[in-house]
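Input sequences plus hints: build the corresponding full structure.
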Amino acid sequence: MSDADSPHDPGVPDDEIPDDEFEPVDVFPESELDLRSGADDCYKCSTCDTNCPVAEVDDEFPGPKFQGPEQWRLKRKDDREIDPSIMDCSNCMRCDNACPSDVPLSQMHNEARAEYVDEQMSKLSVEYWRNRVLANYRKGAWLGSKFPRLTNALANNGPLRKLGEKLFGLTAEREFPAFATQTFREWWAERGGAQVQSEEKRVAYFHGCYANYNTPEVAKAMVRTFEQFGYEIVVPEQGCSGTPMFANGMLDDARRDAATNISSFSELIDEGYDVICSCTSCSMALRQEYPELFTFEGTADVAAHTYEALEYLRIHEDLRGALAGAEVDGDGEDLAYHAPCHARNQGLARQAVELFRDLDGVAVEDVGDSCSGISGTYGWKAEKYEKSMAIGEEMFEEMDEAEGRTGMTECPTCAMQMEHGTGYDIRHPLEILEAALVES
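Per this note's numbering, the sequence shown starts with residue 1, numbered consecutively.
Hints were generated in silico from the structure; no laboratory data involved. Be careful, since some hints might not be right.
Stated by the list, open to error - Just the calculated beta-carbon pair ranges, DEER-fashion:
| id | residue 1 | residue 2 | range |
| --- | --- | --- | --- |
| 1 | 59 | 271 | 46 to 54 Å |
| 2 | 325 | 143 | 41 to 49 Å |
| 3 | 172 | 59 | 20 to 28 Å |
| 4 | 80 | 252 | 20 to 28 Å |
| 5 | 425 | 172 | 22 to 30 Å |
| 6 | 128 | 324 | 52 to 60 Å |
| 7 | 160 | 438 | 33 to 41 Å |
| 8 | 76 | 158 | 47 to 55 Å |
| 9 | 334 | 438 | 20 to 28 Å |
| 10 | 300 | 403 | 39 to 47 Å |
Said to hold, decoys possible - Pairs of lysine-lysine residues, derived as BS3-like cross-links and limited to a Cα-Cα distance of at most 30 Å, are as follows:
| id | residue 1 | residue 2 |
| --- | --- | --- |
| 11 | 387 | 44 |
| 12 | 77 | 44 |
| 13 | 162 | 146 |
The structure presented is a predicted model; accordingly, all values stated were derived computationally and were not measured. Glycine included, C-beta positions come from ideal geometry on N, C-alpha and C.
The structure is reproduced here in structure tokens:
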């Protein structure tokens, strides 16, 4: 088009153009996060697809490239519905780590999954309510922990497990994790809260759901170890990190709990506290997924001040020096270590191996970079169980070939899968650190 054909004089300021000559096009509604730049950064190298553990065992799964930028483009060009295969994504987020162009793949997956659940999944379906229960594990765990012995007995009754699979789609192949007879928060209140006061060394503990209701020994190890280094600890009001909600497309539920978490922890950051997580999926949610998906005031501050527990001590304390003269009592322990996908995404894959390499009484062997396969709630779904076990097969084989017959990992659901596939006892790195440094 020549200048003479131009619809208006380019020298005339926009605010002086008559309204009937200019009408902006609303390409991206304000309610949506604009992911156009991320989609445009994808040059279809397919590195994400080759690193996807689901695509490796499921030939029908189109992979993260389609689920992310390709589906995003198609949706906006033709107003297509979200492809149902988005629910086959396990949310391991390995694609984020693999992408050479930093395309926000998992963010695209999370938003597409939420849109699919909100607009296309039947709210009367068994799948929807099964996923809703799994995503909101914290609510069920709160109830189950009120009667832990009864809950444990009923949850692992063979006929009831089979009935649960038939009626609700929960696999009968897995044993339900036991609820502790005393939750971490109950223990924390009973001991009178923090035992160390400090103006300089302060941390706020995000314990998450599982360490509170199922493995309080991990949370206690965190508290005792940090207090050993002189940290004042607070345990504020908190909800779920949102990880199982993101994975099941329950973004409104995640937003509800994120609002609670951001409010609680941002106030403490203003008072000089950093946020510590003992679960790498929880730290991943607060660090990456919250800023990608939510705009609450304080979100960026919480993300910038969140650390995984071992990572934080390695940064701020001389851990190697502290462990130089330490030892773990007993006849020694050989540990087969698995780095969770969400630890890898935060650059924490080998921190436990490096830290405990020279600790007397402990030998640690890395069992490779494969995914465990359970991916939180993914491996608990009856239709995903076999796929979950196929993904985990490489890890099981590596553990079998390792010297140790005890596993170690930071992720509670990876620990479930490791135990389920090998029969080994599984420990958290914080438990090893506590055993080495804290006098019983």
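Numbers of unmet hints, in rising order: none
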